[in-house]
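Peer 1: Chain by chain, the residues:
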Amino acid sequence: MESPPKMTISGKDPQESGEVVQPAMREERLFLLLSIFIGIISGLLVVSFRMAIEWLSVLLLGSAPAPHQVRLLIAPTVAGIVIALLTRFVFPQVRGSGVNQTKAALYIHNGYISIKTMIGKFLLSALAIGSGHSLGPEDPSLQIGAGVASKIGRSVGLSRERLRMLAPIGAAAGLAAAFNAPISAILFVIEEVIGQWTAGVLGSIVLSAVSAVVVARWFWGAQPMFRIPSVTLRDPRELLAYAVLGVVGGVASLFFAKALGYLRPKLRSQPQWFQMMQPALAGLLVGGIGYFGLPYVMGAGYGAIDQAMHGQFAFKMLLLLAVFKIIATTLSFSSGTPGGMFAPTLFTGAMLGAAVGSFENHIFPHLTGSVGSYALVGMGVLFAAFLRAPLTSVFMVLEVSGNYSIILPVILANTIAYLISRSLQPVPIFEVFTHQDGLYLPSMEEEREDSHLRFEDALLPVSAPILQGSETVWNSMKIVRQHKEIAAAPAVLVQCKDGGWYAAKQQELEAIFAEIGDDSDHPDAGTPLEERLGTERTPLMFPDQMLSSALPYFRRWPLIPISNRAMRGALEGVLSLEDVLNRYQRQ
Amino acid sequence: MDLRNTDEGTHKPSEQPLNSSLSTVRRKLVLRDTLTFLTLSLVAVALYAVTSLLFRSFESHREVLAVRWASRGELLLKNGKPDQAVTALRTSLSFAPDDRPRQMLLAAALAASNHTDEASNYFLNLWESQPGDGFINLQLARLARRKANTSQAIDYYRAAIFGSWPGDAITRRRDARLELSDFLIQTGDLASARAELLVAARNAPETVGMDIGFGDRLLQAHDPSDALLYYQKGLARDPLNLSALDKAAQLTYDTGQYAMASSLALRGARLEPATAAEKSMQAVLKTIAANSERLLDLSLAKELSPRRRTEHLLAASRIARNRIESCIATNTGNATAVPPALIALKNSWTESSPQMLRKRLEEDETAQDRLTQLIDDTEIQTASLCGPPTGDDALLLLLANRRHTAAQ
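Protein sequences, first through last, are from chains Y and U.
Sequential numbering of the first sequence, starting at 27, is according to this note's numbering.
Sequential numbering of the second sequence, starting at 911, is according to this note's numbering.
Watch out, some of these pointers could steer you wrong.
What the hints assert, rightly or not - No more than 20 Å apart at the CA atoms, straight line, and that leaves these computed lysine to aspartate or glutamate pairs for EDC-like:
#1 U/Lys1057 - U/Asp1092
#2 U/Lys1057 - Y/Glu386
#3 Y/Lys342 - U/Asp1027
#4 Y/Lys177 - Y/Glu54
Treat the hints as calculated values from the structure; they're not laboratory data.
Let the hints inform the model, and build the full structure from the sequences given.
Peer 2: Structure (structure tokens):
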């Protein structure tokens, strides 16, 4: 099949418009190279960030935090005071997880994230997580990456459009380095931050994510983030057990989201002096949970996730950990302490998954799925349901496990959890946060769900007269003169021999006919009409294309013929500007 | 800024100043981009250097913590505090998660602290990466045994036997097989246990200790003939081994091979005891020797010549008669009447005339058998009605019971 002729709004081939080619090409090349640097620098910063968290954790909580250690109460409380003071007076932009801030940079601030915010995020998130606040390092890593990209983009002097697109590239790098999972990072940024697959940015996102992961692996090693026990699904009936996990995850995510959605605005509406105390109070309460028996809920909790995956907790303990992690994270996050939601989500999912696995293994001992496999699927389930990133959740599980055989349970459980969560909590949690913050960032989930009108929705049967392009101008003129309805039509379609169409205005035809007048010996009288009309053709468009994409063409063409994809030259119908506008008004 | 492409061949005189300024701009851009990337490279290198430095220090600190907690855990485990050892080893592994010996230690600590499920899960995770590891399979077998999962335990034991062992693999495999045989004996699968023991014995080093050990296990597996074989093997290696003599004598005595029992017991009794345990062993051997000798004298076996059997029958009759009379006398003093069974038994003895007895017995094998039966009945009945006998009566009862069991 021949490719349609390349057309621009102005009707010129972009190759010919040399005035824009050179700077664009320079920026494009720069963009790709910068993506690699962004990935490397973000990767190095994220490695340092993780080191800072672990160092602070050993320093503040000791190398073996255990119940009834007073430092579990003191460390997060004092850290909360420091965080509150620094957030109030030095780094006012570091509250929150980092995902919405990166989206805000993309959609509101033209890709701008200040160096101060980046440094603040690094320091305060590390202090918060290291001191035991129930938060994760992934989302801050995402914002740190975006901050690096923003700084580099500004230093290089990129155009506003490019600068805006650098933030998600950096975000992908930061997240990829934090998770040691490039595909998940790329998908998350596309699913949650950009919202669409844009070929121009995709290459850069991939490059930055890969560079960041290479750097992270250089330091931490190539092993996946979690030591996953081997997973096998021998009997398809076991999928029912995973479906139950999907239901549990969907309901749990609702509680988690409701708790955050309720407490966060309540705390933010308190007087300033009380807001200043909130991180410390949250630290004291989270520390209390640790002090009275559950130190595992403090910090990111990767160690506990590992233990849950390896069947090291009993059923009741798993449930307690899941419940108290939700409580602790709600307290820490709602208090305005900077830190992410990814790790707590994975923690809660792993505990719930392991709990469901333990229960099902106890009731149905013939099931072959280990507790670890349920914990792993549980992580993906809560990720899909709570963070509302279903595609990322599937790939994340595959990447962190390195085991493809888990794919069916993951897809099934994640889909169930996602659907339950969507129906019970229509507004995704990140969007709830943006609304609470008074921002109106685009919801990627809503955008994905939006129904876009297509040509077929507005298409009308061909009512315009049709002339054959192969007819001579003289014959065409005679046809038009003989048939009054053709002469009366505002536009005429000319079918050309090459299968293309030319939508001619009546005036256009009249001008051509006027040139030859009644002189049949005029040199142009014997010329085929399509030749006389020139080489330009009405753009080749098909019924499944977006209706909005036709709008620019009506400046040049009175009608747009809509062709059949299977039969070249055959028309499905035509569209006029009026038809398109009428269709939009009816929506 | 207009960066229109300008080829030298298409220059027009009026465009020359413009082209020259364009070249300058382009050069500046190239220079600027080069500088940008140079700067970025320097920043990346500097950041890498700092991160590497910090990371090295970070890693060494983690390693120190990992080693410290691991040694603490090991010590606690040795001191019989497995619960605390679990915490310490978990902490150690949080700093060095891939350290396999410490993972093994933690799994062992979990098992020792009776966290059977957790230990099983942990060993299973280790097993997944090394399914042929003998140690892991053995531990899993023990845990399955603890959870009363017989078939799984046997599978893991077999995997341990055929698994890889660092160091002295032969000994470890044999020990695993012996442990499996013990387990099979415990579960009552004696045939499988015997098979495992015989395979293990064939590959075992030739020492008296081993022979005695196999003999003991075979005996537990209800295989006295093979057990005796191994005790004898041990004696062949060391004829003066008191333990082997003791076990062989005991076994032959218990299986009714009184001549051999007597001979073995006498050999043992003649040795010079070195320890108190050996002295007590010798006392037992002396009793076995004496009893065996007496049992040979009281033997009523059909294999004896008619004359000899008659002699033995007459001697045994005297003992049995005395026994029933003393039993009746004991019961007569009681408030309750003498049991009818005892009276019937006494009457059976009365009917037999002592004068005619010797002649008839020598000529009639059926009479020998009848009298043997009467002696046996007497000893068994009196034992149940008048309490356990002593002396010759006890020996006759032993023979009676043995005949009774053999007849069944």
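Peer 1: Decide, hint by hint, whether the structure agrees.
Peer 2: Comparing the hints with the structure gives:
Between the alpha carbons of lysine 1057 of chain U and aspartate 1092 of chain U the distance comes to roughly 17 Å, so the proposed pair stays at or under 20 Å and holds. With a C-alpha separation of about 18 Å, the suggested pairing of lysine 1057 of chain U with glutamate 386 of chain Y holds against the 20 Å cut-off. The suggested pairing of lysine 342 of chain Y with aspartate 1027 of chain U holds, with an alpha-carbon distance near 14 Å, which does not exceed 20 Å. For a cut-off of 20 Å, the pair hint linking lysine 177 of chain Y to glutamate 54 of chain Y stands: about 18 Å separates their Cα positions.
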